[in-house]
Amino acid sequence: KYGVSSIAGVVHDCLVVLAIYAIFNITINNPFIAGILTVVGYSINDTIVIFDRIRENRKLYKKNPLMDTIDM
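Sequential numbering of the sequence shown, starting at 35, is according to this note's numbering.
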């Protein structure tokens, strides 16, 4: 259900890190790869937590519109 937006969020987070490295012309090395993998891990974890909370709130507040449930 939320897969496309999850993948879009992870890609966005990685692109931000890549853009910062590109702007400051930093070389890509092993710590960079470790940093990207760390960003991916945290991004996936945060996405799972957020979407789980949205799913729980959708069950609790069935009459609320989706946007109101997301803004809770």
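Keep in mind the hints are simulated off the structure, nothing from the lab.
The structure displayed is predicted, hence computed values, not measured ones.
Just so you know, not all the hints are guaranteed correct.
[To be verified] Straight line, CA to CA, 27 Å or less: simulated DSS-like cross-link-like pairs of lysine-lysine:
no.	residue 1	residue 2
1	96	35
2	93	35
3	97	35
The hints, checked one at a time:
1. 96 - 35: Roughly 17 Å between the alpha carbons, so the hint for residue 96 and residue 35 holds.
2. 93 - 35: holds (15 Å)
3. 97 - 35: Given that 27 Å is the threshold and the Cα spacing comes to 20 Å, the pair holds.
Going down the numbered hints, you'll see the structure goes against none, and every one checks out.
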